[in-house]
Amino acid sequence: MQLDNMASVKEFRNDLISWFKGNQRDLPWRQDKDPYKIWVSEIMLQQTRVETVIPYFNGFIKKFPTVDALALADEGDVLKAWEGLGYYSRARNLQAAVREVHTSYGGVVPNSKAEISKLKGVGPYTSGAILSIAFDIPEPAVDGNVMRVISRIIASYDDISKQKTRKNIEEIIKILISKDDPSAFNQGLMELGALICTPTTPSCAICPVQKHCKAYEENVQTQLPIKAKKTKPKEKKMACAFIKNKDGQVLIHQRLSVGLLANLWEFPNLEINDEKPIEKQLTDFLLTEFSLHTIIGEQIFHVDHVFSHLKWDIKIFEVELLSSGEKQNERSVWVSSSEIKAYPFPVSHQKIMNHCLKGEI
DNA sequence: AACGCGGGGCG
DNA sequence: CGCCCAGCGTT
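Those letters in the first sequence? Residues 1 to 361, by UniProt numbering.
A portion of the hints provided could be inaccurate.
As the list claims (entries may be wrong) - List of simulated lysine-lysine pairs, DSS-like, C-alpha gap at most 30 angstroms: (1) 211 to 164; (2) 63 to 33; (3) 120 to 234; (4) 120 to 174; (5) 62 to 118; (6) 33 to 80.
Said to hold, decoys possible - Each pair of labels, with its calculated beta carbon distance range: (7) 159 to 72: 38 to 46 angstroms; (8) 298 to 342: 26 to 34 angstroms; (9) 159 to 203: 19 to 27 angstroms; (10) 77 to 117: 26 to 34 angstroms; (11) 308 to 163: 17 to 25 angstroms; (12) 69 to 342: 35 to 43 angstroms.
These are calculated hints, taken from the structure and not from any lab test. Here a beta-carbon is modelled for each residue, glycine too, at the ideal position from N, C-alpha and C.
Let the sequences and hints guide you as you build the complete structure.
Right, here's the structure in full:
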């Protein structure tokens, strides 16, 4: 690929776009060009596979079909629709941004780079994706797929985890992008990365832009792109309490509004150390944080849960209530096994729920 | 420029 | 078990 040769650039564009038009997958967010739906899909697709997103997208759009519907919705209902998808700040930022569009833009998604980039959760990739796909504006949309494809096309050994590399690739895309059909061009690059130019074993034999690819020419496609290794997730040992009151209700607690799993619900739990008995740490915790006098019973379950940056080792104990269990704190509530279904839980605590309430839900 | 932030699927 | 996925906000 010669970036300074117009004929070569045009051939690349045409090869990519005609391949995309003949081979693109039939995806729910490709049914129309509603900027709101494109936006929702792009947020869901951040760090998340297409196949994972599809059912969430369909359910989410059915529940919140328009900017106004999402703007007026309850945050808990939005998190419930996001439950299990991960990176929950995406959902909270999306609703905050949609509320901004609702009030400041009359419900109409803005179509300028400057305005759309101000919206919470809309970074350089997502702004370019919405502008090109929904509004046919030739802006780069550089995600992991595009970085992999371009790194191979130009045989670059730059580390794609660096911000500078992404910016360089954005400049290359500004040269390459079709001004006639920026939507098909950007989606074509991503689709190529997803279907042909895959991470470990790219299908170079059937690649529509093979003749433009320097990595293929040099047979280094499997060595590219270069990406720095991530640090291992740190382990945390947790103790968790499954407590029922005499009415058969279970105690659950809403997490803080910032940080990990913000505003999601969980069974009361704490990080434990190796210095004191787990039972002692758990009773102290339940007394201090929930004003509950308890006796710790048997360990009834165990959950290992891996996040991108940490690992939870959770031991779940059945807890007997000594005090009455009236009001605990502002962010906790006693719920029946039918009521609990309305609360958004992270997958780690869904596992606990499914085990402890087996047969009841 | 680094790090925190989920969850699942695949080799 | 490690790697990767249509990244962004915070520090």
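For each hint, the structure was consulted:
no.: 1; hint: 211 to 164; in the structure: holds, 27 angstroms
no.: 2; hint: 63 to 33; in the structure: holds, 19 angstroms
no.: 3; hint: 120 to 234; in the structure: holds, 29 angstroms
no.: 4; hint: 120 to 174; in the structure: holds, 25 angstroms
no.: 5; hint: 62 to 118; in the structure: holds, 27 angstroms
no.: 6; hint: 33 to 80; in the structure: holds, 26 angstroms
no.: 7; hint: 159 to 72: 38 to 46 angstroms; in the structure: holds, 44 angstroms
no.: 8; hint: 298 to 342: 26 to 34 angstroms; in the structure: holds, 29 angstroms
no.: 9; hint: 159 to 203: 19 to 27 angstroms; in the structure: holds, 25 angstroms
no.: 10; hint: 77 to 117: 26 to 34 angstroms; in the structure: holds, 28 angstroms
no.: 11; hint: 308 to 163: 17 to 25 angstroms; in the structure: holds, 19 angstroms
no.: 12; hint: 69 to 342: 35 to 43 angstroms; in the structure: violated, 19 angstroms
Hint check: a violation occurs at hint 12 only; the rest are consistent with the structure.
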